[in-house]
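Residue numbers (my numbering), protein chains in the order written: chain H, 1 to 410; chain P, 1 to 410.
Worth double-checking, as some hints may not be accurate.
Quick look at which bits of chain H chain P covers, simulated, 3 or more residues with Cβ under 8 Å [what the hints assert, rightly or not]:
1) 65-79
2) 143-152
3) 292-303
4) 391-403
List of simulated lysine to any residue pairs, SDA-like, C-alpha gap at most 20 Å [said to hold, decoys possible]:
5) LYS403(P) / PRO337(H)
6) LYS374(P) / SER296(P)
7) LYS63(H) / VAL341(P)
8) LYS403(H) / THR284(P)
9) LYS28(P) / GLU146(P)
10) LYS63(P) / SER369(H)
11) LYS403(H) / PRO337(P)
12) LYS403(H) / MET372(P)
13) LYS403(P) / ILE404(H)
14) LYS63(H) / PRO337(P)
15) LYS63(P) / PRO9(H)
16) LYS403(H) / LYS403(P)
17) LYS63(H) / LYS403(P)
18) LYS403(P) / VAL341(H)
19) LYS63(P) / ALA340(H)
Think of the hints as simulated: they come from the structure by calculation, not from any bench. A virtual CB, placed ideally from N, CA and C, is assigned to each residue, including glycine.
2 protein chains.
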Amino acid sequence: MAVGADTFPEMHPVKGFRLGATKAGIKKPDRRDLVMMEALAGSTIAGTFTLNAFCAAPVTVCKRNLMSLGGAAQQNVFLITNTGYANAGTGTQGMANAESVCQHLAEQVSVPVNHIFPFSTGVIGEPLPVDRVVAGIPDAINRLSESGWADAAVGIMTTDTRAKGASVQLNLQGKVVTITGISKGAGMIKPNMATMLGYVATDAAVAPDLLQLLASQATQASFNSITVDSDTSTNDSCLLVATGQSGVTISESAVDDLEAFSTALQSVFLQLAHAIIRDGEGATKFVAVQVEQARSADEAREVAYTIAHSPLIKTALFACDPNWGRILAAVGRAPIPDLAVEGVSVYLNHVLIAEQGGVAASYTEAAGSAEMQKEEITIRVGLSRGDAQATIWTTDLSYDYVKINADYRS
Amino acid sequence: MAVGADTFPEMHPVKGFRLGATKAGIKKPDRRDLVMMEALAGSTIAGTFTLNAFCAAPVTVCKRNLMSLGGAAQQNVFLITNTGYANAGTGTQGMANAESVCQHLAEQVSVPVNHIFPFSTGVIGEPLPVDRVVAGIPDAINRLSESGWADAAVGIMTTDTRAKGASVQLNLQGKVVTITGISKGAGMIKPNMATMLGYVATDAAVAPDLLQLLASQATQASFNSITVDSDTSTNDSCLLVATGQSGVTISESAVDDLEAFSTALQSVFLQLAHAIIRDGEGATKFVAVQVEQARSADEAREVAYTIAHSPLIKTALFACDPNWGRILAAVGRAPIPDLAVEGVSVYLNHVLIAEQGGVAASYTEAAGSAEMQKEEITIRVGLSRGDAQATIWTTDLSYDYVKINADYRS
């Protein structure tokens, strides 16, 4: 089950960035389960990672290597991703296994081991089968190609029902700059098939600090603004690589170019994040929760998340029930101080459903029901407290969500 | 669906406290839907109420009257509870309606209107049918009786599948002191059939400030330590009334008596709160989440709530799946600083399942599965950070939870 059409986009290659996916038989036979990516020497790298204290071993290795390189790679960089096993909750053996995979790959491609970035997604707690991963490395390297995006998008899938990709091009300084990315995930956490993963590459040249700033900003408004079930994975990671091969440099001194690039980058991140929500576990709705007139963006996010996490609102969305009482109740219990309920307004798409602490005089159940039948719904809340806003994207809570998560291991 | 046997206990009458329930036809015919309670003049009163900014009109009136009386009633006090309509999200008309009911009742029983405490539970947003409530008042008054507890427990039910009561007696100062109470609720919020309500009465004499302290403490460890779905109702209220008719005075100067009374009171509150969880929407499990070795009780509660709210843990409980990875992931994302995962241990009942950042060496899936088959489960988490602890009680997340909440209004 997923929301909207399954349209994997045209993926523009990124000069200096190659991808290859192979069937390594890591957990199940005959499926692409090992994905290699390579960025040319001279690339810069930024990353955003889960804040979960039980983060997976590969997350620890990625963060360490990113720091060790200072975000700039003198030699080729390799990203290796296995599915089937998350290598999380695996203690010291898990770290040894992640490092062993990196060591084997570093030797085969003759780069320092801090140029290897490992990613794992799958069952938590079971040991990573290092031998099978290592055995798959030569074929994955062999398949590296600048046109390997679609194969890689399939290769990183676990319980995803769709491959997820986004690609944009823009003209800067008389040249074409490409930003292309893929993601996986069907919940904020898939605790056994753990993880949201995102990989975005551009052929622009961007200095490490600026690249990290752009990655953090884009992540905040995309991957950090979606929720299926409020659970945060142990393995969530998103890497942004800039190869510089387009010959275009993005810097803070050319503000217009920076803004155009930043906007395009955010668009790619947002498309990848939205694709995860559309493919959310059991999802039948794609819901934007937009909170406006808040004192701060943080306050708007708090209210939006309280709505987006409410099981009662999510079940009402599944039932196509314009249950505005549940929305008011969620706004009322959001952790923000001194909320004056008289100033709160709630819209379902463009239909005003509640204002001044109660149902709107103009509201009819027929109008609300008509909006709730739609597959894409915006819940818009005005707080009358300021001019900050935030949007969080989420799904409904369906029988299938329970089925997927209750049946998964058994 | 509910957990454990349905055993409504023997309810010891409380001297000076009478209850009556009538069929007022407020929403549906032929069911007890209007409950009256009366406490004799001289009673003291304490209350705890929802923190939801969209609190219902009757909650506002109760808080105002409690303050106006200073917790001590010179004349008889009346508690009037209707089901069918929550009188929440009803704006200024809702306040006028609540006050109108109080005014009518005050006139009939000849007490000042600030001696009337109104409670409503039912659909949010629809106007309270004042005429039908008022028409039911004479018969409700007529039925007032010290042995009316069981009828009242039934009369306050909405989607509850069981009446909920608790009653204890203790000997103090050579006399018998009784504490008896009832509650309703099948979720922290039933957003249309909104509300958890609790009414507890004792024939001890307790000064208002001490009574409020005892009520707040008992609420924190009971009604404020349970969660079905993380949603907080607009109508949640719990009133504690002390009639003083036993002739026993509880005060801070007699510490042993105070402690005995406080322990008994907490027991009544906890039984009533547990009854709500056992009757939780779609519940098949009664789960205690016990977090130990925390730096503070607040920290322990944060971790316990993160576990208790996780849809992924709740679906695993429903599936009887000892999915310890989901528990570790929830602990890891709880909002507490600097958690060292090496110090975290997780038990399912008495089975150690995880320690030192991964699965315990002694753990077997068979042992974990055996515990998960049970209807009552304790998830015990040790943090190795201090000696504070907290327990939160919750249920699983089942198909029936989705069904109840998706089908309710349609």
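Taking the hints in turn, this is what the structure says about them:
Residues of the stretch 65-79 of chain H with a Cβ under 8 Å from some Cβ of chain P number 0, which does not satisfy the need for three, so the listed coverage is violated. Only when three residues or more bring their CB closer than 8 Å to a CB of chain P does the claim for the stretch 143-152 of chain H stand; here the count is 0, and the claim is violated. With a threshold of 8 Å between beta carbons, the proposed coverage of the stretch 292-303 of chain H by chain P is violated, since 0 of its residues qualify and at least three are required. For the stretch 391-403 of chain H, the stated coverage by chain P is satisfied: 6 residues place a CB nearer than 8 Å to a CB of that chain, which reaches the threshold of 3.
Distance check on the hinted pair: LYS403(P) and PRO337(H) sit about 34 Å apart at the alpha-carbon level, beyond 20 Å; violated. Distance check on the hinted pair: LYS374(P) and SER296(P) sit about 30 Å apart at the alpha-carbon level, beyond 20 Å; violated. With a C-alpha separation of about 17 Å, the suggested pairing of LYS63(H) with VAL341(P) holds against the 20 Å cut-off. The suggested pairing of LYS403(H) with THR284(P) holds, with an alpha-carbon distance near 15 Å, which does not exceed 20 Å.
With a C-alpha separation of about 27 Å, the suggested pairing of LYS28(P) with GLU146(P) is violated against the 20 Å cut-off. Among the hinted pairs, LYS63(P) with SER369(H) is inconsistent with the structure: their alpha-carbon atoms are about 36 Å apart, more than 20 Å. Distance hint between LYS403(H) and PRO337(P) is unfulfilled; the C-alpha atoms sit about 34 Å from each other, more than 20 Å. A hinted pair counts as satisfied when its Cα atoms are at most 20 Å apart, and LYS403(H) with MET372(P) qualifies at roughly 18 Å.
Under the criterion of a C-alpha separation no larger than 20 Å, the hint pairing LYS403(P) with ILE404(H) is consistent with the structure, at around 16 Å. The straight-line distance between the Cα atoms of LYS63(H) and PRO337(P) is roughly 19 Å, inside the 20 Å bound, and the hint therefore holds. For a cut-off of 20 Å, the pair hint linking LYS63(P) to PRO9(H) is broken: about 58 Å separates their Cα positions. Between the alpha carbons of LYS403(H) and LYS403(P) the distance comes to roughly 13 Å, so the proposed pair stays at or under 20 Å and holds.
A distance of roughly 43 Å separates the Cα atoms of LYS63(H) and LYS403(P); the hinted pair therefore is violated under the 20 Å criterion. Using a Cα cut-off of 20 Å, the hinted pair LYS403(P) and VAL341(H) is violated, with the two alpha carbons roughly 30 Å apart. Taking the CA atoms of LYS63(P) and ALA340(H), the gap is near 17 Å; set against the 20 Å cutoff, the hint holds.
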